[in-house]
Amino acid sequence: MERELLIECQRSNRSAQRKVYEKMASRLYSVCRRYLKNDEDIEEVLADTFYKIFTKITQLQNLDTFEGWAKKIAVNECLQKLRATKAQFVSMDDDFVETSGTLSESISFEKDILSLLNFLPEGCRAIFNLFAIEGYPHKEIASMLSISEGTSKSQLNFARKKLQELLVNQNI
1 MERELLIECQ RSNRSAQRKV YEKMASRLYS VCRRYLKNDE DIEEVLADTF YKIFTKITQL
61 QNLDTFEGWA KKIAVNECLQ KLRATKAQFV SMDDDFVETS GTLSESISFE KDILSLLNFL
121 PEGCRAIFNL FAIEGYPHKE IASMLSISEG TSKSQLNFAR KKLQELLVNQ NI
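Numbering-wise, the UniProt record's numbering puts 85 at position 85 of the sequence shown, and it's gapless, one number per residue.
In case anyone wonders, no lab produced these hints; they're calculated from the structure.
Only a predicted model underlies this, so the values are computations on that prediction, with no experimental measurement involved.
Treat the hints loosely; a few may be bogus.
[Said to hold, decoys possible] Lysine-lysine pairs mimicking DSS-like chemistry, simulated, CA-CA at most 25 angstroms apart:
no.	residue 1	residue 2
1	72	56
2	52	37
3	71	19
4	71	23
5	52	19
6	161	37
7	153	139
8	37	71
9	153	56
10	56	71
11	23	37
12	23	72
13	72	52
14	139	72
15	153	72
16	71	52
17	37	153
18	72	19
19	23	56
20	139	71
21	139	161
22	23	52
23	37	72
24	19	56
Please model the complete structure; the sequences and the hints are all you need to start from.
What follows is the structure, encoded as structure tokens:
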């Protein structure tokens with residue numbers, strides 16, 4: 001991201017904010033998509049994310065860290081949405097895999113392993129994203145989601161098992 005553009009955003013320049021939005025929206029949408037399934041929820045979280053970015057950008061000391069900072073805001077907004085909707089975690093005995101469409105349609109359409117995350121329950125998907133993709137430790141995940149470390153670990157294990165099953169069933 002261009003430093004001058006971010007400085008203008010710190011000055012509340014609407015034109016600069018629009019340019020930053022245009023450059024970051026698809027990237028942050030993809031981040032939100034990893035946590036949330038519903039397009040309306042994603043759009044709401046994305047709007048909240050950009051509101052927070054533009055109202056808090058003056059607090060950002062190092063503009064070189066803008067993209068990571070913005071991504072962290074998006075992740076935190078997604079987690080807040082999941083907490084507000086009380087994302088359900090599943091029992092290790094459940095055979096629950098929520099789908100929208102068929103798995104083969106999703107894989108062939110998206111051609112991306114991350115699309116398989118859409119077939120996990122929200123709680124498992126959030127933990128998998130936080131641990132495997134974002135790199136948070138279980139202790140921090142537990143704190144972020146107000147769950148125990150053991151629950152974080154078991155949900156990650158459940159997500160991994162379900163993803164492996166999905167991969168095997170699709171011969172990927």
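Do the hints match the structure? See the list:
no., hint, result
1, 72 with 56, "13 angstroms, holds"
2, 52 with 37, "22 angstroms, holds"
3, 71 with 19, "17 angstroms, holds"
4, 71 with 23, "13 angstroms, holds"
5, 52 with 19, "16 angstroms, holds"
6, 161 with 37, "20 angstroms, holds"
7, 153 with 139, "10 angstroms, holds"
8, 37 with 71, "18 angstroms, holds"
9, 153 with 56, "33 angstroms, violated"
10, 56 with 71, "14 angstroms, holds"
11, 23 with 37, "23 angstroms, holds"
12, 23 with 72, "16 angstroms, holds"
13, 72 with 52, "11 angstroms, holds"
14, 139 with 72, "17 angstroms, holds"
15, 153 with 72, "22 angstroms, holds"
16, 71 with 52, "12 angstroms, holds"
17, 37 with 153, "22 angstroms, holds"
18, 72 with 19, "20 angstroms, holds"
19, 23 with 56, "18 angstroms, holds"
20, 139 with 71, "20 angstroms, holds"
21, 139 with 161, "21 angstroms, holds"
22, 23 with 52, "16 angstroms, holds"
23, 37 with 72, "19 angstroms, holds"
24, 19 with 56, "17 angstroms, holds"
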